[in-house]
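Here the protein sequences line up with chains A and Z, keeping their order. Heads up: the first sequence is residues 1 to 530, going by my numbering. Heads up: the second sequence is residues 1 to 530, going by my numbering.
No lab work stands behind these hints, which were simulated from the structure alone. Model, not experiment: these values are computed from the prediction. Nothing false has been slipped in among the hints.
No farther apart than 20 Å at their CA atoms in a straight line, the calculated lysine to any residue pairs in the SDA-like style are these:
1. Z:K522 <-> A:Q446
2. Z:K241 <-> Z:E201
3. Z:K31 <-> A:A516
4. Z:K2 <-> Z:L311
5. Z:K451 <-> A:Y6
6. A:K429 <-> Z:G514
7. Z:K429 <-> A:N230
8. Z:K511 <-> A:Q446
9. A:K231 <-> Z:V421
10. A:K412 <-> Z:G510
11. Z:K467 <-> Z:L425
There are 2 protein chains.
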Amino acid sequence: MKTINYSNLDQAKAFSKLETMVADKKVPTLKSLLSSERVTSCSLPAGGGLTYNFAAKQADDEILKTLYALADEQQVLDKYEELLNGERINTGENRMVLHHLTRGQCGEPVIEGDKNLGDFYAEQAERFYAFSRDIHSGKIKGSTGKNFKTVVQIGIGGSDLGPRALYLALKGWAVKSDSLKMEAEFISNVDPDDASQVISEVDPESTLFILVSKSGTTQETLTNHQLVINKMIEAGIPGLKPELHMVAVTSQTSPLASSSDFLDSFYIDDYIGGRYSATSAVGGVILSLAFGDTAFKALLSGAHEADMLALESPSKNAALTDALLGFFENNLMGQSVTAILPYSQALSRFPAHLQQLDMESNGKMVNRTGAPLSYKTGPVIMGEPGTNGQHSFYQLLHQGTSIVPLQFIGFKESQRQEDVVIEGLTSQKKLNANLTAQIAAFALGQENKNKNKFFPGERPSSLIHGKDLNPKSLGALLAHFENKVMFQGFLWNLNSFDQEGVQLGKVLTGKVLGGADDPVLKAYSELLGI
Amino acid sequence: MKTINYSNLDQAKAFSKLETMVADKKVPTLKSLLSSERVTSCSLPAGGGLTYNFAAKQADDEILKTLYALADEQQVLDKYEELLNGERINTGENRMVLHHLTRGQCGEPVIEGDKNLGDFYAEQAERFYAFSRDIHSGKIKGSTGKNFKTVVQIGIGGSDLGPRALYLALKGWAVKSDSLKMEAEFISNVDPDDASQVISEVDPESTLFILVSKSGTTQETLTNHQLVINKMIEAGIPGLKPELHMVAVTSQTSPLASSSDFLDSFYIDDYIGGRYSATSAVGGVILSLAFGDTAFKALLSGAHEADMLALESPSKNAALTDALLGFFENNLMGQSVTAILPYSQALSRFPAHLQQLDMESNGKMVNRTGAPLSYKTGPVIMGEPGTNGQHSFYQLLHQGTSIVPLQFIGFKESQRQEDVVIEGLTSQKKLNANLTAQIAAFALGQENKNKNKFFPGERPSSLIHGKDLNPKSLGALLAHFENKVMFQGFLWNLNSFDQEGVQLGKVLTGKVLGGADDPVLKAYSELLGI
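Given these sequences and hints, build the entire structure.
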């Protein structure tokens, strides 16, 4: 095994070289770069039938070569292999990082004590596959004898955003392919209005709840669990037993594990971080219930394909190339916001998931050993589906005073295949014509004597595209971004897998609820009626 | 009437003074500033029972005084009065800007030809109030004789985001106060999966559609109109006549006006910009149908209160103070992203509306006469409700390398008043304890020898708070932000009311659909199956 040198970015020769290139104005304009040849050549497979295209990125061969040299210097592929092989790469929490293992074996078997962790995740998957089949067949029914028709996930953060984004992303596919087994809903916020609204819209007798909390101590989730139980009891339905409508997804050591409050429990462990948990039981139970285990297995296979492609050498590696170009824009070009713009309504909440994935992973100011960093790290992530965004914030993206790099996502076909032809054109073609037009407009701009109608262009974008959005391509899309974020963390030499930044709020919340005598906390508490 | 001097920001003496103060490190730390006294004193009424609190903003008396002097120098209140009195302040399109007039008279009557425009908006409101009462009473029924139960808005951008955010914001209030007259859904995206999904979930016989397009030519909206009609015909229900299930909200000169394709039409005009149209018929028809005209009138009254408060002198003016502090962070402190963080699940889509409102209004690089600007303009806006965001992107907000100013929103009471007490505490108190804790954590941070657990603090925030979220407070909240954005546009001397940045995409989309021979457009078209 290679020795890996974990050093900060500012020690890397390729980084200095890039800084010099930028200072010497060696960065070509997009207007001079973008050509149809580049659209063909700047293209890498991203798994699941998807392709990553970076023709409209402000990087010529020289910049790309230097970025790839930086990847070598920072040994990002070696670090990825270390991670896959079970190195404790989450230094802050002294934990392995094993979400890749939930979708397949990319490296050596990972053994802890006498436990093969790959086998453990696979066993859990087999358990929830069998459980979902028993729910679908009616072998397991609600406590009053009704079949389960709806599933509600109670969880927050990674237990909510990823699974919710994936459910919404596949619902149209499931309707079209006759795979929609159950409707799914989600409760996350401690705001009681969230749970109240969801519960008011489901039939308690035919609803199964999934409580998701790795630690079994998440305040929001436990509170909402109790709120749901109270509501079920209040419903006053004879024979309704809440505990027979609840399963848990948690760690084996949590207070929720094998509790009699649950019909069944499925397990994850400390090596699956919340924001990386969509392909574990956290996403797997609800997605198998909603769409069947075959669909979830296809999602895993797409993710595994992307994970394997992320082992390719830098210039053949879509996730790494994406990471390097994003890094270049952030650290060299001073572009510190990234917009995620899927031209697919089904991906309406995918940007919110990526916002967590990226900002919680790389929004750090210390390196992996806790030393302060002297350079910018993770960008701010925002986004909404196109064409909606075009009628909203695109004004600033086109003509604002900051340049925001763009990540477009598009598919040849719609999911539901229910389209309308007007003047010879389907909606899907209009959608994609808009996407095409935007890439060109952002990159090339347009001159106009009236400066109010002038478009400067030089707004870089990438495009991930494929035939359609299905479980496999969605799995690859998810893993592509997970791996992109991981590679950027390696470049910055930080730990993308802990989240100490959420702790202080928790501590102070406890103080407020405990009646803190701190005058500032008391003053705000008064305003808010605490 | 005063003469108004429209000059660029960099000509203002107060701006130079602020630059000097920043250069001389005269900006106090939040740790030195924030006190319980400030929580009490830094507080201004924002209308509708709301209060704007800026205790946790990095501005002492000297900075505030200079900001207020800047407001005077840029004559922002005079400009607001000009706008109210019907000046053609939308210079790019040579239009008046009259959304304030949809909720009441703040200035002189605005007369065009022999038409009093305030009366015109009021007449339209009376028309859709009467229409909504006829729908609710069953006087107007669907074409097969069923009562209308569901209303679906077909619109995009301002015809979607504002009305949708407001509908979601009030649904819980309506359920609790027994005011939910009709369920509402929204179709916006040209992606055919959007319309297909919504239509699959409604009963065509009891559904009323509202087509919203000021020009009557919005590609997405016309396409979705046709898609809905096709679906209704395909349903094969005897006697079902789509045109008797459709109303239009449009301008009197649009091709949709008084068309036989519609049951009725309600009018707006060119002086109500899309993103400012939520209090016109664009929001009024659907909100009156969903919640009754009394609720919509209350929303207007809250907005009008905020509009009147925005006429107050700078130091008593919540919207202007908010604008000035946001400007200070953006232009003097280099903080060019703002996060909107409502601690209310009902406001789940309010940040998306503000994202459009702000970024489409002030994402400009030229001044109001089209001359290039040498300073930063509008910020990037992002946000999700708390506590959800705490388990997502707050990591970067606390410990990232960029400082993102925060706008918190919170209410003493939940909307649905269906809460649960665990260990003596309601969910609502937990929600607000989290909010309180976050303000303090962001401002004050926390020392730690372990730099991975160190919080630098110095993250500024404001808090808009009130008793509860109801139609009146929501109206004030909406108008507060509209006025904030308007004032910032005045400071920057730009036109916040046009959106030339959306045009190039439209032109190029037409070229793509027309089979453009541009090689770049062709190459991307091929990837996307056009």
